[in-house]
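**Student:** In the order they appear, the protein sequences are chains X and L. Quick note on numbering: our numbering labels position 47 of the first sequence as 47, and the sequence is numbered without any gaps. Quick note on numbering: our numbering labels position 117 of the second sequence as 117, and the sequence is numbered without any gaps.
Keep in mind that the hints were calculated from the coordinates and are not lab data. Every residue gets a Cβ at the ideal spot worked out from N, C-alpha and C, and that includes glycine. A portion of the hints provided could be inaccurate.
[To be verified] With a straight-line Cα cutoff of 27 angstroms, these simulated DSSO-like cross-link-like pairs (lysine-lysine) come out:
| no. | chain 1 | residue 1 | chain 2 | residue 2 |
| --- | --- | --- | --- | --- |
| 1 | X | Lys112 | L | Lys134 |
| 2 | L | Lys112 | L | Lys9 |
| 3 | X | Lys51 | L | Lys134 |
| 4 | X | Lys167 | X | Lys134 |
| 5 | X | Lys112 | L | Lys84 |
| 6 | L | Lys22 | X | Lys134 |
| 7 | L | Lys9 | X | Lys134 |
| 8 | X | Lys22 | X | Lys9 |
| 9 | X | Lys47 | L | Lys84 |
| 10 | L | Lys51 | X | Lys51 |
| 11 | X | Lys112 | L | Lys47 |
[Unchecked claim] Computed from the model, here is a short list of chain X residues facing chain L with C-beta under 10 angstroms:
| no. | residue |
| --- | --- |
| 12 | Asn46 |
| 13 | Lys47 |
| 14 | Asp49 |
| 15 | Val50 |
| 16 | Gly52 |
| 17 | Asp96 |
| 18 | Lys112 |
| 19 | Phe115 |
| 20 | Ala131 |
| 21 | Glu132 |
| 22 | Lys134 |
| 23 | Tyr137 |
| 24 | Arg140 |
| 25 | Pro141 |
| 26 | Leu142 |
| 27 | Met153 |
These are the residues of each chain, in order.
There are 2 protein chains.
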Amino acid sequence: MESLVFEEKDFFACCGSVRFAKEMVSAAPFASYDDAVVAARDIWFNKVDVKGWLEAFTAHPQIGESPSSHHKSPTSAQFSLWSKGEQTTALATATDSTLQELSEWNSRYRQKFGFVFLIFASGRSTPEILAELKRRYENRPLVEFEIAAGEQMKITELRLAKLFTAKAEGSSVTNA
Amino acid sequence: MESLVFEEKDFFACCGSVRFAKEMVSAAPFASYDDAVVAARDIWFNKVDVKGWLEAFTAHPQIGESPSSHHKSPTSAQFSLWSKGEQTTALATATDSTLQELSEWNSRYRQKFGFVFLIFASGRSTPEILAELKRRYENRPLVEFEIAAGEQMKITELRLAKLFTAKAEGSSVTNA
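Chain X extracted, bound-state conformation (with noise of 0.2 angstroms):
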C-alpha cells in the first residue's frame, strides 16, 4: 500500500480546491485509506480556508444536470465521470417534471446562497433529493455553508476510496 503515488491532480479530481489537493500531497504517503481519509478531514475542516471551500463547490455540476453540460468545471474528465456515477440513482429516478422541479429549486438555492446545491448523491432517488433540498434552502447562508462543506467531504471521502482502488490495480485514474 505505502508505494501508491499520488499526484496533485488526483486529489483535486476528489475535491476541487487547490489547497486541498497541494496539503494532501504534502501529507502523503498513506500507510492505508483510513489515514488518508484522516488526513483529509483535517486539512478540508481545518486548514482550507471558506475561499477554498467555495471553489470546491463551483467544481460541481448542478445535481440532476449532466455534467457534461457543466462548462464551467475547471476539473479532469475523471471527476466528471464520478460525479455522473454517483447520480445513478438519482437519474434513474427522475422523471421529466422532477427534473424540472430540481432545476427550479436549484436556481432559487444558487440565488439565496452563491453556490450550487451539493449532495452525497450516491445511493439517493430524485424526490428524496429535492425534498432535501427544499428543506435545506430554509436555513442561514452560514449554516448552509457549513453542511455544504460536510456533503463535500462524503463526497471527497468515497472518491478517495475510488482513487485508491483504481491505484491499487495500476490503472492511470486522471486520463480517462
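Since chain X is already given, all that's left is putting chain L on it; use the hints.
**Tutor:** Below, chain L alone, put in the same frame as chain X:
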C-alpha cells in the same frame, strides 16, 4: 424620526456588502435607530450570503493601517473616516514595535483565513488587539469566519448610530 431618508450608499458605508445596502433600503423607513438595527441584524445574518460577508470584509483596511493607504476599498470617504475614528485608541497606544508585530500577524492571519482580521476596535488598545488576533488565529476557518461576521455587525451598529445622528442633524453624510 420617520422623515429620515437613507440611500444605498449610506448603508454601504456602514457595511460594504451591496446586498446588505440594497436590503436595508428595501426595509426602510425605520421608526427608530433600534428598528434599523433589528433589520440590519436580520439582513446580515439571515439574508447576506457568505460571498456577501467576504465582500464586506474586503472593504476594511488592515487594523493598525491607515485607511488612506487601503487603496482597494470601493467605499466612500465616509467609510475611511469612520474606520480611522474607530481605531483612535489603537493608534494612540501603538508603538513602532507593536505596529510591526501587528502587521506581521495580520499577514499570517490573512494567509490562513483569506480575509483581513476584523475587530470592533473602538476603545481597544493595540496590545489588546494584538492579543486577540493571536488568540483568534488558532481557530479553524469556519469558526473564525463567524466571529469576523459578528465583529462586522458590531461595527455596522456603531456606524448606523453615527448615520442616524448625522441625518438627524441634517448634514450630508456620505460627502465627506
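**Student:** What hints, given by number in increasing order, does this structure fail?
**Tutor:** 1, 2, 4, 5, 7, 9, 17, 20, 21, 22, 23 and 27
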